[in-house]
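**Q** So the chains spell out like this:
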Amino acid sequence: MAEMWINMGPQHPMTHGLWNLRIKVDGETIVDAEPEIGYLHRGYEKIMEVREFQKNVVLTDRLCYVSSITWSHCYCLACEELMDIEAPPRGQYLRVITNELQRIASHLMWLAAYGPDLGLLTALLWALRERELFLDLLQLITGARMNQNFPRIGGVRNDMPSDFGKYCRKIIAHFRKKLEEHEALFEQSKIFQMRTIGVGKISRQEAVDFGVTGPNLRATGANLDLRKLDPYDAYPDLNFEPIVAYEGDSYARYKVRMEEMKLSCDLIEQALDRIPDGPYRVKPPRRAEGEAFRRTEDSRGEALFYVIGDGDDRPYRVKIRSPVFSNIFAAPIMMRGNKLADVVAIMGSIDVCVGEMDK
Amino acid sequence: MSGHLIDLYGWSGALASFVLWLLSLPFELLNWIALQTGAQKPGPLVGFIDWLAGPDLTALVALIVAITIVLLWATAFHLLIIMWIERKMYSRLQDRRGIMIGLGSVEILRNTIGRIPILGAPFRRPSHLGTGFLQTVADGVKLFQKEVITPEKADKWMFHTAPVIIAASTLLLFVAIPWSDGFWLMGSIENGRPVNPLGILFILAAFSIAPLGILIAGWASNNKYTLIGGMRAAAQLMSYEIPMLLCIIALVVFAGTLDPFELVRKQTAPFSLGPVQISFLPNWYVFNPFLWIAFVVVFVTVIAEAERIPFDIPEAEAELVEGWTTEYSGMRFGIVFGFKWLRALAGAALISILFLGGWSGPVFATFMVPNMAAAGQMYPVPILPQEFWFTLRIYLIFVVFVWIGWSVPRVRIDQILNIGWKRLVPLSLLSILLAALARGAWWS
Amino acid sequence: MVDGELVAFVILSAIEVASAIMVVTAKKLVHNVFWLAMTLITIGGIYLLFRAELIALIQIIVYAGAVPVLFLFGIMLTRRKIMEEPHESE
Amino acid sequence: MATDLLARYLPVALFAIFALLFPVGTFLATRFIRRDNPTPLKDLTYECGEVPEGEAMIQFHFQYYVFAIIFVVFDVAAIFLLLWALSFDATRATQVGFAAIVLFVAIMFAATNYALKKEEVLYI
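Residue numbers (our numbering), protein chains in the order written: chain A, -12 to 346; chain B, 4 to 447; chain C, 470 to 559; chain D, -4 to 119.
In case anyone wonders, no lab produced these hints; they're calculated from the structure. Certain hints may be false.
Mimicking EDC-like on lysine to aspartate or glutamate, the simulated pairs with C-alpha atoms at most 20 Å apart in a straight line are [unchecked claim]: (1) D:K37 with B:E150; (2) B:K156 with D:D38; (3) A:K270 with A:E73; (4) A:K188 with B:D417; (5) B:K145 with D:D31; (6) B:K149 with D:D38; (7) B:K149 with D:D84.
When you get a sec, could you build the whole thing from the sequences and use the hints?
**A** Here it is as C-alpha cells:
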C-alpha cells in the first residue's frame, strides 16, 4: 500500500504561521509526521547580543505576537536575577496583572484559531470579540495593543490608571458570563466532543520526555505550574491551584486552557485587591556580569531566558527556550495512528506560535 | 383559481411569438416593398415568413425561452439571493454586520441618482453601509477576470472537463424542480393538471452524477489535497444518497407516487392519517408521525449532499487547503464553488416538495393580469402566488441550513461515513418498515 | 418532416458508439472510466427512446452514478503508470 | 401516452444541452476578459509553497473502495424497494407479498446492523 508525504505548510490554513508539517499518510491514517521549522527565523539570540539590556525588551516583545508581555516579563526577570535587583511590590503586582491579562488574551486567540481549525468559524469572531476587551484593558494600562513594551528591568514602565481596577473588574465579570457562551459553542457540542475526545493522546511520561510544558503538559495530569512550583513576582501571595486534566487528549488540552482563563480572572481580581502603594520601578544598573536564568509560566508553557553578562552594557549571550519549540516536536507522538483530519484538532489544541518557536 | 403567477408555457409561448414577429418584421417590409413595386408573388420570402410563424419553430423558441427563464431564475436570481442570505445570516451569528456593498457603493449611481432629493436616498448611503447585495455580483465579476491556472502536471483534458460535469449535473437538477403549478419545465398536462410521474427520481439521478465529476476533478488535478478531497467527497456524497433514497421510499409508501405535482396536491388536502382527520392542518408529510424519522434523515442527507458545514469535510479548508477545488482558479473555481449553493437550493426545494407542502399556500386576494398567451383575456393571480410560498419555504429551510452550519464544528470523514452507514441507513430502513407496517395495518 | 425521434436516436447512438470506442482506445484508465460513464448515460437516453422511463432513470442512478465511481475507486488501487515500470517517489 | 413521454423529455434534452453550454460558455467567455500569464512557478502543483514531492496519482488506500461496493449494493436494493413502494397498493392486496417485503426490509435492517457491528477494520 502506497504511503505518501503530505506537506501542511508553510502556506496552509492549519499552520497559523510559517512552518511546515510533513505528514506521512497511509490512506487517511497518519503514519508519521515531521515538523519542519525555520521559515520565520530572525536570529533573535544574536541580535540581542548587540543591544543594551534594557533595549532588548522591545525585541522580546516581538517574540510572540499574541503574548508579548509574558515574554518581556521573563526576560526582565532573568536580567534582574543577573543584576541582583528586585522589582518593588507594586511593580510585581502590576506585572502579575498584565501577565494574566495577556494570558487571557493569548488563550482567547488560541480559542479563536481552534474554532476555524475544526470548521467553526463563528468561534473565531466570538473569541476575538472577547479578546478586544482584554486588549482594551492592556491598552489602558500600557498604551498599546500588540507590542506593549511594558515590563522593565526593575519593574514596569508606568503605573496603572487610577480607575483601572474598576474597568478591569467590570470586564472580567462580563467575560465570565461570555465564557459560558463559548463553552456552549465548544464543549457542549456533540460534534466538538467527537472531534477531540480521545484524539491526539499523549501520556505523561512521553510528554515529559519530549519537554512538553504548560497547558499541554498539565492536560496529561502533571501538576506542573511554574507560578506555583518556582514562584516569581507576587504569585506566592496569591491563592490558586493549577489547573490539571488527566486524559492527555485534545479535549483535555482545550479544557485546561478554558479553565486557565477562569483562573487568570481570579488571579487578576486577587491582585487588584492586594496591590500595595509605592514605587513601581527601581533603577537597574547599566552593566552586569555573571550569568542568570529565569523561567516563567508563559501562556504556552515554560519560557526560559538564560542571560550571560560580561561586564558590558550588553548581554554576552542570551538563550531563549520556547515552549512551543518543544511542544511541536511532541506532535508526531500525538498524531500517529490518528486520521488526517485530526491533524487540525491536534495542532490547534497544542497552540502554536511561530514567532517564539523560530526565534 | 390557478394560484400561480408564472405560467411558463403561456409566457414563453407569447414571448416566442413576439420574438418571431420581431424577426419577421424586416421580411414583412421586403415583402411589402416587393408588392408595391408591382410584383405578383414575392417569391421565397413568403415561405420563410410562414416557416417563422409555424407551430414547430414557435414551440422550439418557446421552449428555449422557458429554459432560459428557468436558468436565469435559478442562477441569477435565487443563487445571488441565497448567497446573500448566507453571508448576512452567518455574519449576524458572528456578531458582525457582514457584507455591506450596496447601490451606494457604486460611484456613478451615488453621484447621479443619489443627488435626487427623496428618491435617491438608497443611493446616498456611505460606501460600506449598504445592504451588501452587490457583493456577490462584485465577487462574480472579479472571478470572471481572474486568471485560470492549469497545473503543469494536471491531466489537462479531464481537469477542464470535470467542472463542466459538476456544473451541468447541478443545473440539471432544476429542470425537474417545479416552482408552482405553472412554473415548470419537465412534465406534461393531463386532465388539465401538470404531471411528471418520476420527477423526484430524476432529481436523485441528477444528484448522483456529481460524485463522478468530483472524483475525476480530484484525480486530474494531480495534487494530494485534491485527490484525498475528491475521494472523501465522492464517498460522502455516495454514502448519503442511500439514506436519502430509502427515506424517499418510505415517503412513497404513503404517497404512492414520485410525481412532485401529485405530492404537492396530496399535501394541500386536509390532514388525514388512517382514521385520524384534522381539518385545520394541511396534510404535510412532516406532520405524519411515521415519517418524522424520514424527514430528519432527508434533512441531514441534503445538508451532506450540498456539502454544507457539519459535513463539508470534502472541502475541509483547515486540513486539505480547499479540498478537491484546490487547483481550480478563476471562473472554474467560481462555478464549482458557487454551484454548491445551487445544490443546497435544489435540496431545500426537494425537502419542501417532499415534506413541507411544496408551493401550496393560502390565497388571500387576487388581482387580474392580462394573459400573455391569449390576448385580451385576463386571469386571476393571488397577491401572494405559489412561487412566493415555495420561495419562502426554500429560504426558510436554507436559513436553517445556515444556522446549523455556522454553529457546529466539522465532522471528521470517518465519522461522517459512520453516521451515514451506521445511523442513517438503519434509521431509514426503520422508517420504511414503520411506513409499510402503518399502511399495511390500517388500510388492508 | 424530419422525425425528431430518429434524430435523437442517431445523435445518442453516435455519442454512444464514439465513447465506446474511446473506452477501449483511451490511454489513461481514468479517461476510460469517463468515457464509460458517457456511454452508460447515453444508453439511458436510448432507453428513454424505448419509452422505458423508469429504467432510464435507474440506468443513470446505478450505472452512471455508482458503477463508474466504483471503477474509479478501483483504479485508485492500481498503479497509475500501469505499462511503465513502477514509479517510486524519492 | 407514448408521445407524451418524449414530449416531457424534450425540455430535459434541450435543458441538458443548455446546462452543458452554460459552464462551457462561461469558461470561454472569461477567456476574452481575463489575461493569462502562466509562468513555470505558477503552473507548479500547489503544495503549500513547497516543491511538490512525489506523485499524487498513486495507488491509494482501498478503504474508500469498500464504500463504493456497499453503495452499489444498496443502490440496487433501494431501487428494488422503490419499485415495491411505487406499487404498494397492488402488492398489499396479497398478504404474502406484503409480508415478504417487510421480511426483506427487516432482513436488510438486521444484516446492516450486524455487518456494521462486525465491521471495524474496513472502515476508515
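**Q** Checking each numbered hint in turn, tell me which of them this model violates, lowest number first.
**A** 7
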